[in-house]
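Asks: Protein chains in written order, with the numbering used here: chain A, 34 to 140; chain B, 14 to 157.
Worth double-checking, as some hints may not be accurate.
To be verified - Think about it this way: if two alpha-carbon atoms lie no more than 30 Å apart in a straight line, the pair counts; the simulated DSS-like pairs of lysine-lysine are:
| hint | chain 1 | residue 1 | chain 2 | residue 2 |
| --- | --- | --- | --- | --- |
| 1 | A | 73 | B | 104 |
| 2 | B | 44 | A | 54 |
| 3 | B | 87 | A | 73 |
| 4 | B | 48 | A | 54 |
| 5 | A | 138 | A | 73 |
| 6 | B | 57 | B | 87 |
| 7 | B | 132 | B | 87 |
| 8 | A | 73 | A | 54 |
| 9 | A | 138 | A | 54 |
| 10 | A | 35 | B | 48 |
| 11 | B | 57 | B | 104 |
| 12 | A | 35 | A | 135 |
| 13 | A | 73 | B | 132 |
| 14 | B | 57 | A | 73 |
| 15 | A | 54 | A | 35 |
| 16 | A | 138 | B | 57 |
| 17 | A | 138 | A | 35 |
| 18 | A | 73 | B | 48 |
| 19 | A | 35 | B | 57 |
| 20 | B | 20 | B | 57 |
| 21 | A | 54 | A | 135 |
| 22 | A | 35 | A | 73 |
| 23 | B | 44 | B | 87 |
| 24 | B | 132 | B | 48 |
| 25 | B | 44 | B | 57 |
| 26 | A | 54 | B | 57 |
| 27 | B | 44 | A | 73 |
| 28 | A | 35 | B | 44 |
| 29 | B | 20 | B | 48 |
| 30 | B | 20 | B | 87 |
| 31 | B | 48 | A | 37 |
| 32 | A | 73 | A | 135 |
| 33 | A | 37 | B | 44 |
| 34 | B | 132 | B | 20 |
| 35 | B | 57 | A | 37 |
To be verified - These stretches of chain A come out as covered by chain B in the derived footprint (C-beta under 8 Å, 3 or more residues):
| hint | stretch |
| --- | --- |
| 36 | 60-66 |
| 37 | 69-76 |
| 38 | 88-94 |
| 39 | 110-118 |
Worth flagging that the hints you see were computed from the coordinates, not collected in a lab. Quick reminder that beta carbons are idealized off the backbone N, C-alpha and C, glycines included.
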Amino acid sequence: MKVKTLVEELGMTLITGDGEKEITGIYACDLLSWVISHAKTGDLWVTVMNNVNIVAVASLAEVACIVLAEGVTVDEQVVNKASENGVTLLGSSMPTAEIIVKTSKLI
Amino acid sequence: MGLSGQKVTLRYTIAAEDFISAGEASSHVKKTLNKLGISHELVKRFTIAMYEAEINTVIHANGGEAYVEITPEKLMVRISDNGPGISDIEKAMMEGWSTAPEHISEMGFGAGMGLPNMKRYADELAVESEVGVGTVVTITVYLS
Ligand SMILES: Nc1ncnc2c1ncn2[C@@H]1O[C@H](COP(=O)(O)OP(=O)(O)OP(=O)(O)O)[C@@H](O)[C@H]1O
Ligand SMILES: [Mg+2]
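With the rest of the complex left out, here is chain A (with noise of 0.2 Å):
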């Protein structure tokens, strides 16, 4: 499914990206080294690191987007490096394990 529907669906904020890649799994996890060698391309990838390394992870990674879970927030400095290097980053209020329950109904 494409992204701007899961957004809709999950009443999720799409901080970059227009929301047309399209989501075929679902990875989570902290730590960026599991993330780079685990993730799959067109995962979804949910976590609640923050910093700006996790814009080269997923774009590496060539995941679908990056879901920051639990109302986390980024920086200016994320939102332009995730801009510039065509990464899709949402934001959500809802804690890793029900992002990850929900999602894997609607996709």
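Since the structure of chain A is provided, determine the placement of chain B with the ligands on it from the hints.
Replies: Positioned in the frame of chain A, the structure of chain B with the ligands alone reads:
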């Protein structure tokens, strides 16, 4: 653009503890390889392995340099630094072994998975290191 028989080389400087530009060398290499029309799967493997080596020089070694060579046969990157070196390479290659300090683990690094990931994604991985001198990591992915 194609790789019609010639060699493409790229060089990058990697800054120490600069997390805003960390990963830019790997990202640039990825863009270049995609433009050259190299298989997506190989590009992904190569640039993930390169990113792990790049970020290691940022975190553990006061920055360094990357030299990339692209030929019709293979993708090769050599990442070198003049950092503290690795005293026990065998240990460093083990999953979960890390000396990352607290402020680095708080950013999500320090799982001790970087070198194992390089081994997993590269066709060939060479780690040469001398304590007090530096470290050279060479990653090769074959294009066939
Ligand atoms: N270029 C380097 N210079 C000095 N020490 C290094 C270098 N690269 C790796 N090391 C040492 O090897 C250890 C293991 O590296 P590895 O990349 O596998 O894990 P990490 O960087 O600690 O954590 P992760 O990669 O999961 O974020 C490091 O903690 C560090 O002690
Ligand atoms: Mg590492």
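Asks: Regarding the pair residue 138 of chain A and residue 54 of chain A, is the alpha-carbon distance no greater than 30 Å?
Replies: holds (18 Å)
Asks: Is the straight-line distance between the alpha-carbon of residue 20 of chain B and that of residue 87 of chain B 30 Å or less?
Replies: Status holds; Cα separation ~10 Å.
Asks: Between the alpha carbons of residue 44 of chain B and residue 87 of chain B, is the straight-line distance 30 Å or under?
Replies: OK: residue 44 of chain B and residue 87 of chain B at ~17 Å, within 30 Å.
Asks: Does the structure keep residue 35 of chain A and residue 57 of chain B at a Cα separation of 30 Å or less?
Replies: Holds, because 23 Å separates the two Cα atoms, which is no more than 30 Å.
Asks: Do three or more residues of the stretch 110-118 of chain A come closer than 8 Å to chain B, measuring C-beta to C-beta?
Replies: holds (count 3)
Asks: Straight-line Cα separation of residue 35 of chain A and residue 48 of chain B no greater than 30 Å?
Replies: Holds, because 26 Å separates the two Cα atoms, which is no more than 30 Å.
Asks: Sort out whether residue 54 of chain A lies within 30 Å of residue 44 of chain B, counting only the CA atoms.
Replies: holds (19 Å)
Asks: Does residue 73 of chain A lie within 30 Å of residue 35 of chain A when you go C-alpha to C-alpha?
Replies: Cα-Cα ~16 Å, so holds.
Asks: Is the straight-line distance between the alpha-carbon of residue 138 of chain A and that of residue 73 of chain A 30 Å or less?
Replies: Measuring from Cα to Cα gives roughly 19 Å; hence the hint holds.
Asks: Taking only the CA atoms, is the gap from residue 35 of chain A to residue 44 of chain B under or equal to 30 Å?
Replies: Holds. Residue 35 of chain A to residue 44 of chain B sits at ~24 Å (cutoff 30 Å).
Asks: Has the stretch 88-94 of chain A got at least three residues whose CB is nearer than 8 Å to a CB belonging to chain B?
Replies: Since 6 is at least three, the answer is holds.
Asks: Given the hint that residue 44 of chain B pairs with residue 73 of chain A, does the C-alpha gap stay at or below 30 Å?
Replies: This hinted pair holds, its Cα atoms lying about 19 Å apart.
In this structure, every one of the numbered hints holds.
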